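Protein chains in written order, with numbering that gives the first Met the number 0: chain A, 0 to 325; chain B, 0 to 325.
A hint or two may mislead.
Just so you know, same-sequence chains aren't split out, so a pair can sit in one copy or run between any two.
Below, a list of computed lysine-lysine pairs in the BS3-like style, where the Cα atoms sit at most 27 Å apart [stated by the list, open to error]:
| hint | residue 1 | residue 2 |
| --- | --- | --- |
| 1 | K318 | K5 |
| 2 | K229 | K92 |
| 3 | K318 | K129 |
| 4 | K229 | K204 |
| 5 | K229 | K5 |
| 6 | K318 | K229 |
| 7 | K320 | K92 |
| 8 | K318 | K204 |
| 9 | K5 | K320 |
| 10 | K92 | K318 |
| 11 | K129 | K5 |
| 12 | K320 | K229 |
By construction, these hints were calculated from the structure, which means they are not laboratory data. Because the structure is a prediction, the values reported are computed rather than measured.
Number of protein chains: 2
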Amino acid sequence: MLELQKSEIQSLFDLSAGAAAIRQAYIAQAQQRVQVPDVTYLGFPEANGDCHVKSGYIEGTEGFVVKIATGFYNNPAQGLASSNGMNMLFCAKTGQPLAFLNDGGWLTDIRTGLGGALTTLALARADFRKVLIVGGGLQARHQARCLMHLAENRPIAFAIWARNPEQAEQTAQDLRSDGIDANAACDLQQACGQADVIITTTPAKSPLLQASWIRAGTHITAVGADCPGKQELELPLVLRADLCVCDLAAQSLAHGEFQTAAAAAGLAVDEVISIGDILSGAHPGRTSDTQLTIADLTGLAVQDAAVSLSVYRAAQMIKAKEDILT
Amino acid sequence: MLELQKSEIQSLFDLSAGAAAIRQAYIAQAQQRVQVPDVTYLGFPEANGDCHVKSGYIEGTEGFVVKIATGFYNNPAQGLASSNGMNMLFCAKTGQPLAFLNDGGWLTDIRTGLGGALTTLALARADFRKVLIVGGGLQARHQARCLMHLAENRPIAFAIWARNPEQAEQTAQDLRSDGIDANAACDLQQACGQADVIITTTPAKSPLLQASWIRAGTHITAVGADCPGKQELELPLVLRADLCVCDLAAQSLAHGEFQTAAAAAGLAVDEVISIGDILSGAHPGRTSDTQLTIADLTGLAVQDAAVSLSVYRAAQMIKAKEDILT
Numbered sequence: 000m001l002e003l004q005k006s007e008i009q010s011l012f013d014l015s016a017g018a019a020a021i022r023q024a025y026i027a028q029a030q031q032r033v034q035v036p037d038v039t040y041l042g043f044p045e046a047n048g049d050c051h052v053k054s055g056y057i058e059g060t061e062g063f064v065v066k067i068a069t070g071f072y073n074n075p076a077q078g079l080a081s082s083n084g085m086n087m088l089f090c091a092k093t094g095q096p097l098a099f100l101n102d103g104g105w106l107t108d109i110r111t112g113l114g115g116a117l118t119t120l121a122l123a124r125a126d127f128r129k130v131l132i133v134g135g136g137l138q139a140r141h142q143a144r145c146l147m148h149l150a151e152n153r154p155i156a157f158a159i160w161a162r163n164p165e166q167a168e169q170t171a172q173d174l175r176s177d178g179i180d181a182n183a184a185c186d187l188q189q190a191c192g193q194a195d196v197i198i199t200t201t202p203a204k205s206p207l208l209q210a211s212w213i214r215a216g217t218h219i220t221a222v223g224a225d226c227p228g229k230q231e232l233e234l235p236l237v238l239r240a241d242l243c244v245c246d247l248a249a250q251s252l253a254h255g256e257f258q259t260a261a262a263a264a265g266l267a268v269d270e271v272i273s274i275g276d277i278l279s280g281a282h283p284g285r286t287s288d289t290q291l292t293i294a295d296l297t298g299l300a301v302q303d304a305a306v307s308l309s310v311y312r313a314a315q316m317i318k319a320k321e322d323i324l325t
Numbered sequence: 000m001l002e003l004q005k006s007e008i009q010s011l012f013d014l015s016a017g018a019a020a021i022r023q024a025y026i027a028q029a030q031q032r033v034q035v036p037d038v039t040y041l042g043f044p045e046a047n048g049d050c051h052v053k054s055g056y057i058e059g060t061e062g063f064v065v066k067i068a069t070g071f072y073n074n075p076a077q078g079l080a081s082s083n084g085m086n087m088l089f090c091a092k093t094g095q096p097l098a099f100l101n102d103g104g105w106l107t108d109i110r111t112g113l114g115g116a117l118t119t120l121a122l123a124r125a126d127f128r129k130v131l132i133v134g135g136g137l138q139a140r141h142q143a144r145c146l147m148h149l150a151e152n153r154p155i156a157f158a159i160w161a162r163n164p165e166q167a168e169q170t171a172q173d174l175r176s177d178g179i180d181a182n183a184a185c186d187l188q189q190a191c192g193q194a195d196v197i198i199t200t201t202p203a204k205s206p207l208l209q210a211s212w213i214r215a216g217t218h219i220t221a222v223g224a225d226c227p228g229k230q231e232l233e234l235p236l237v238l239r240a241d242l243c244v245c246d247l248a249a250q251s252l253a254h255g256e257f258q259t260a261a262a263a264a265g266l267a268v269d270e271v272i273s274i275g276d277i278l279s280g281a282h283p284g285r286t287s288d289t290q291l292t293i294a295d296l297t298g299l300a301v302q303d304a305a306v307s308l309s310v311y312r313a314a315q316m317i318k319a320k321e322d323i324l325t
């Protein structure tokens, strides 16, 4: 069994290969060529913590994954990270463990970044240039870096808005040090009105973006809402969308960004398009430059399987090369 | 994070400490001071394989466990073990991984052996001496060794019966080489009639033991049936029991030995006593030497938590001693 720590996983991970694997995972999910059992939950209220176990298998691939992720929100007071995680990859032909990826949650962050970037590229206008990122945390950086990587040589200008202006400035500065064109935005409404693409990455529990702020033709990728009670977009904005897209409708409507539209306005599963169907060409996606498109991503276990397989394949490739040389 | 392979786990494992931990786990389960989410299942029909993910936490202990177990039944043709497994232990206060126990399924075998032995000792007549083990596989050996260990200096004579007489002889021989009094039995009916205790460990899909073969006062521990369709005891035998005991009634009645009695004779959850309630003294258990008692064990995630914690504590103790010495 291969065993890799976070730093080894980071150096092995190839963004393009990871994105290709996630693209296939989204398509497989939309075509129901996957196994994704219900998520297992354990709660530790005294420690303000929880644990989620997600399992996923993309049929036809060499392995299935079991991901164990914990969030213990009193940890930072003790100098510990609040999130932890690991992905275990098993052979789908023999059940033997293939890889223990002790990534500490990094693979989840990067698969969320890549999923967002793939979705944004699939749904934004062909000529998009101005991208507003709402939020100044880790996922803001991942969304920007992954989008920049997948967009190749396209000139993208990022604006970063966060509740805390210093955090927005720090995020912009970090991205600039990677050679990315990024600046902090002070006024969210103004920034929304200038953006071709908006990516929301916050844990907001009341809507940040208003319908009237958004231009026709804008695409919004919302990755923040992942449990009941979270919401980044006000209801009229979601209702104004010409196209509502998600990674998995059942999740989006139950506990993602579309939960409010489902509960308050009856948004139904068959009104929300799977990103996998757009990536496969089964659905045309955006058909005009004036459409407002909104994608809500809640994260899939098959994305975890995809990135775990991607790391495993990279390690196998290196091993094969070494075997030839020795 | 502590990381241990099977051989290290085996040498660290203390049967008495493991049994004490499982006793507490049974009691906690009966008192509902546990978290045991639904088991996650993935199936791989093309490879004749499956994967179960079990999670468990005994409230108040230092850690929770996620166990990943696979069974791929075409493996032996390729020279591979059909079963694989690992237990991941996490801190219940911070969510951080405490131990990766790559036990290959051994901890599951031993917790089943210890659970069976604890149950047998709790329910057998005080003067029991003759123990019949039905089945000649790995679990037959574990049940005998664990019972022998927990019974301390009691003189127990084991009879081993298996469909294949050579397998019964081999099992008896293996036990004798451990200094255990064990002999193969040729005739199951006769062996049943002589036994004070019967432990059934087979994957039988039609009943092996008949009601008329069993003496009053006998205790039976059935560990074989663990999924729909398996059955070791004929229905009239279960219905004759003065006391039906289990580790978890919902499991026993759904897919354990008591599934037939539940389906065909309406055996209900409140008619089956939890072994934890007998171990804690909340229920008196056996009250006369003429009662026929039957215990059905289907295995609990909190047993996995218990043995994982037991290994972890043993490793911590050794480390503490080493730290003092250096």
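We went through each hint and held it up to the structure:
In the homo-oligomer, the alpha carbons of K318 and K5 lie at most 27 Å apart both inside one protomer (18 Å) and across protomers (25 Å), since each shortest distance falls under that limit. Only between protomers do K229 and K92 lie at most 27 Å apart by alpha-carbon distance; the minimum there is 25 Å, versus 40 Å within a single protomer. Taking CA atoms no more than 27 Å apart as the test, K318 paired with K129 passes in neither setting, with 42 Å inside one copy and 56 Å between copies. Taking the shortest alpha-carbon separations for K229 and K204, only the intra-copy value of 4 Å comes in at or below 27 Å, while the best inter-copy value is 50 Å.
Taking the shortest alpha-carbon separations for K229 and K5, neither the intra-copy value of 29 Å nor the inter-copy value of 44 Å comes in at or below 27 Å. For the homomeric pair K318 and K229, neither the shortest alpha-carbon distance inside one copy (44 Å) nor that between copies (45 Å) is at most 27 Å. Only within a single protomer do K320 and K92 lie at most 27 Å apart by alpha-carbon distance; the minimum there is 24 Å, versus 43 Å between protomers. For the homomeric pair K318 and K204, neither the shortest alpha-carbon distance inside one copy (47 Å) nor that between copies (46 Å) is at most 27 Å.
Taking the shortest Cα distances, K5 and K320 sit within 27 Å of each other inside one copy (22 Å), while across copies they are farther apart (31 Å). In this assembly of identical chains, the alpha carbons of K92 and K318 lie at most 27 Å apart only when taken from the same copy (21 Å versus 38 Å across copies). For the identical chains of this complex, K129 and K5 are neighbours neither inside a copy (33 Å) nor across copies (55 Å), given an alpha-carbon limit of 27 Å. Proximity of K320 to K229 under the C-alpha cut-off of 27 Å is found in neither arrangement, the shortest distances being 47 Å within a copy and 49 Å between copies.
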